[in-house]
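Using the hints, position chain B against chain A.
So you can see what is in the structure, the chains are spelled out below.
There are 2 protein chains.
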Amino acid sequence: MPRPPYHVAIFRYRRNGEDAVGYGEARRDMLEMAKLQPGFLGMDSIEGEGGEGVTLSYWTDEASIRAWRAQDELGVIREKSRRGWYDHYDLQVARVERAYGWSSAEDGDGTEWDAGSP
Amino acid sequence: MPRPPYHVAIFRYRRNGEDAVGYGEARRDMLEMAKLQPGFLGMDSIEGEGGEGVTLSYWTDEASIRAWRAQDELGVIREKSRRGWYDHYDLQVARVERAYGWSSAEDGDGTEWDAGSP
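If you read the protein sequences in the order shown, they are chains A and B. Numbering-wise (UniProt numbering), the first sequence opens with residue 1 and increments by one. Numbering-wise (UniProt numbering), the second sequence opens with residue 1 and increments by one.
Here chain A stands alone, though its shape is the one from the complex (with noise of 0.2 Å):
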């Protein structure tokens, strides 16, 4: 990931659990059209047990999501998501402004980083 600020996509989401194929074949789609994207950083999903999930989208800049969001085929993939797979979802476009983490190390007490502040 780049240092701040990008852009980040928050969609949050409930399944109802019907037609886990087709779900998990647009979902790969989605995933790959997003790649060919100008302005795409990267993609991460996380889904619990009840089917609450969020996926979070990186991008350089908001004109990247729109854009990504405006294509046809994502048109197609968002209106069998409604008729077939959600009890609801949300999306929150946000500007991501500050960065940091920790990793763990084997001995001692771990890497801590800092992206920085645009």
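Note that these hints are calculated values from the structure, not bench results. All C-beta atoms in this analysis are idealised placements derived from N, C-alpha and C, irrespective of residue type, glycine included. Check before you lean on any hint, since a few could be wrong.
Some chain A residues near chain B, calculated using beta-carbon distances under 10 Å [unchecked claim]:
{"no.": "1", "residue": "Arg3"}
{"no.": "2", "residue": "His7"}
{"no.": "3", "residue": "Val8"}
{"no.": "4", "residue": "Tyr23"}
{"no.": "5", "residue": "Arg27"}
{"no.": "6", "residue": "Arg28"}
{"no.": "7", "residue": "Asp29"}
{"no.": "8", "residue": "Glu49"}
{"no.": "9", "residue": "Gly53"}
{"no.": "10", "residue": "Val54"}
{"no.": "11", "residue": "Thr60"}
{"no.": "12", "residue": "Lys80"}
{"no.": "13", "residue": "Val93"}
{"no.": "14", "residue": "Arg98"}
{"no.": "15", "residue": "Gly110"}
{"no.": "16", "residue": "Trp113"}
Frame of chain A, contents of chain B only:
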């Protein structure tokens, strides 16, 4: 949630699987502390089977996030976290600029909403 802008702290992690009881207690303590903090809007946690998870906490502004993270008690929990519970984690602080979503309905196409832009 209010109309944008507001702020989100995106905490991504992988747990090492140790000390589930101590970890659970610290999570509850952190949520209770956040609820008492000025500017707190809400918290949303998802954890997958492999110990990877994300916690989104929402705040009216960035100063509220800084004040929350600067508390002594949170510093104690952070030290325990590093020694006992996580393989790695990172935190991104971001300003939410747009938000919208969709909910299913028993009959019909469901409900679309748009919380607007700043």
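For this session: State the violated hints by number, sorted upward, taking the hints as numbered earlier in the document.
Result: 1, 4, 5, 6, 7, 11 and 12
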